[in-house]
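We have chain A already, so just place chain B on it with the hints.
Each chain, letter by letter, is given below.
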Amino acid sequence: MSKNNPVIALAGNPNVGKTTLFNALTGSRQTVGNWPGVTVEHKQGYYLYQGRRYEVIDLPGIYSLSAASPDEQVARNYILQKKPDLVINIVDASNLERNLYLTVQLLELGAPVLLLLSMIDIAQRNQISIEYEHMESHLGIAALPLVLNRRLDTQALMQQIERQLELPREPVTIHYDEVVEQHLTAVQEVLQAQAEDIPAFSDGWQSLPLNWLALKLLERDVKIWEPVPARLAPLLEKEIRAVEKHRGQSSDAVLADDRYGFIRGLVKDVVKRKPLPKSTYSDRIDRFALSRIAGLPLFFVVMYLVFLLAVRVSQPLIGWIDAGLTWLLVDRWGALLALIGLPQWLNYLFSAALGGGIATIGTFIPPIFFIFMSLSILEDSGYMARAAFIADKFMRRIGLPGKAFIPLLVGFGCTVPAIMATRTLESKRDRVFASLLTPFMSCGAKLPVYTFLAMLFFPRRADLAIFGLYLFGVVMAMLFGLALKKTIFKTQPGNFVMELPPYHIPTLNAILLHTWHRLKDFVLRAGKTILLVIIVVNILQVVSLPDPLSGSGQKVSILELGGKALTPLLHPMGISSANWEASVALISGLFAKEAIVGTLQGLYRSDAAPDLEANLMAGFGSRAAMVAYLLFILLYSPCAASLTMLFREHGSRWMFFAFVYLTALAWIIATVAYQVLAFNPRSWLWLSLSAALVLIFFLSLKLIGRSHAVKT
Amino acid sequence: MLSRRNRVRLRQFGRRFSLRSRTCNCRRGDCLELAKLSTGRSARILCNNDIKTIERGLYHGVKITSFRNEPDEPNIVVAVGDSRYVLDRRIAEQIRVRII
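Keeping their order, the protein sequence lines are chains A and B. The first sequence: position 473 = 635 (my numbering), numbered continuously. The second sequence: position 93 = 1342 (my numbering), numbered continuously.
If you are wondering where the hints come from, they were derived from the structure by calculation, not from laboratory data. Warning: the hint list may mix true and false statements.
[As the list claims (entries may be wrong)] Ranges of calculated distance between the beta carbons of each label pair, as one might list FRET restraints:
1) A:Lys590 / B:Arg1277: 34 to 42 Å
2) B:Thr1288 / A:Leu694: 54 to 62 Å
3) A:Ser369 / B:Glu1322: 45 to 53 Å
4) B:Pro1320 / A:Glu328: 53 to 61 Å
5) A:Lys436 / B:Arg1347: 20 to 28 Å
6) A:Leu728 / B:Pro1320: 47 to 55 Å
7) B:Arg1277 / A:Pro437: 28 to 36 Å
8) A:Ser814 / B:Arg1277: 49 to 57 Å
9) A:Asp359 / B:Glu1322: 46 to 54 Å
10) A:Phe841 / B:Pro1320: 40 to 48 Å
11) A:Phe462 / B:Arg1339: 24 to 32 Å
12) A:Lys385 / B:Pro1320: 33 to 41 Å
13) B:Glu1322 / A:Ser441: 47 to 55 Å
Where is the CB? At the ideal position from N, CA and C, for every residue including glycine.
Next comes chain A alone, as it looks inside the complex (with noise of 0.2 Å):
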């Protein structure tokens, strides 16, 4: 914290436009969505305002400073440790009451709170009219309009912004009950005259005011409790029971009650409105799209679209973009570096692997960027919450709550950002739950494999096969739920409570923002990836060592031989030794599942045989074999980065779970398909092992439930 260097702190509810103003502020290109859990972690940016640098932090949204979930610590933690110079606190205007809440609690603190109220026109719309003067005198703090969706003056706000840093004002004090006010005053007095003994106020608590510390004792907050020493507990427990005895409620129930009873004045005081409507438009449109009878075929034509976009749409978008690019950076650049004289190892390497890769990226960009954009409109239309209310009823039968159907749906696009988005749920069982089910939905990643594999071997009907695969995917997730829920997560999943925002018309502006920020991160870290893997499985086949199976002293590349020694594991699901070349893009693929389509166009492709269509044709040999890989690629391990992300977020043991558990599942289904699909008597061998094998595996799972049960 400095005078020179001010940090600003952007907080509120979920939802009211904190990324909005953080990118109005900075310049930044923060996703912005109509969802709540957008930003998980606290985002850092800065702007320049007459020759000082501020800082500004966009917060994860919260309704209070209770902190129950990870995203809510995030935020809570950061006001209190860091303790911002400023804490923009922006407020919805067309819900003043409920957002208030967390402004009186952030005054509590002592923060030094500069009041935004969002969303005006929506509150003028509704014929809600403010007085912002006269809340200003009752709250103490500076409140003005904005209107953030619109063309905003950055430059008055800035000023404001350095006003406030320059003169802060003294926010007014909250009054409760006359008898909590009383044992208030006696939490405090104990504090004081302990404070000697309490290892916390050396540690931090000393910053802290002293009401506030009072306050959280109070409500019970586990982390203010964690450090009060067990001989102070009873006599703070003593002053907690005689506020529940006075009100017969639980002491944060009463706290809140009259935090809302000073919001509920005040609002009484200085807003005036006309009667709310029996219906909204939101509502009007609910009564369809949530209805019994329209809402669950409506969940699924909606996804199906979404896929049906991605595939049909960008099909030609691929073809000119994969034709144009390889003319363009293998073939024309190949033939200059041919005509400067440059060695034919090093022009390979440069036109057909590095061309070729980047050729490779090109035809990723449009199905992602439709499959993004879809994302996009369902997220900022307001729909993605319903559809996690319709899904809710499916993911309960697996134990988990509806909110969780958001970090399943993020896993579409990939599954890094899905396992942080766990962490807007609140139970911990309820996070690594989710976490263990993302890998199932097909990210972004997988579908250019996808396209590419199911373009070639189901030319008529793509979009079905990779809408089939998406399908699958979630009807595995379920299943594989199912069984986590009967042994590992036997508990019942956490409370469901979620806003459902009002419907907006999405922007095009935000909507090409949100998805061109997406595509970039993705292009980028997948460009990076799959030109890596181009090269290092280039280098490798290049390099050769005498082949030890054949016995005859032959030399073959590193590649083929690692390839070779992993497919015998793969036959039972169609791979001949011949195609060790499927092994080795399996391989790639555990560093990044993009991958797998350059390794294949790396493999498959030689000056003898140059049609890759063909090889793979041959390759493969049948449709079965070429299903059950597909069915491998869906279910197998995840992705260096997101097996990384486990371990981050819940540790070493559930990211090696995911590992072996995926990839003894994803063998055990691709065994099962493709002898089920190419039947042949040997066939029965293959499946009496599948199904001893999904025994031991469901008793195995039963075995770590019985030790490592999550429960809470």
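Using the frame of chain A, we list chain B on its own:
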């Protein structure tokens, strides 16, 4: 005369009651569970001890309208002021309301 062991047991038995979370103090027929509020009906919250929902505005005395309440569904949809919430039926069963 009770033995020391039984005196301790009795004391613990009493404590169990004194520490039990207090249920809503409304008379029979005076209020009902929010989970039983049929679709379209409005009510006022009489008792709510769930801090998560209080923080979202379902506090004592607020008007609440049931937007969707199908008995076989795990959740209900309610309107509080301008907000719409999906509430777990287990939470809704703990909230007492009076129909208005």
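Notebook entry, point to check: Which earlier hints turn out false for this structure, listed by number in ascending order?
Noted result: Number 13 only.
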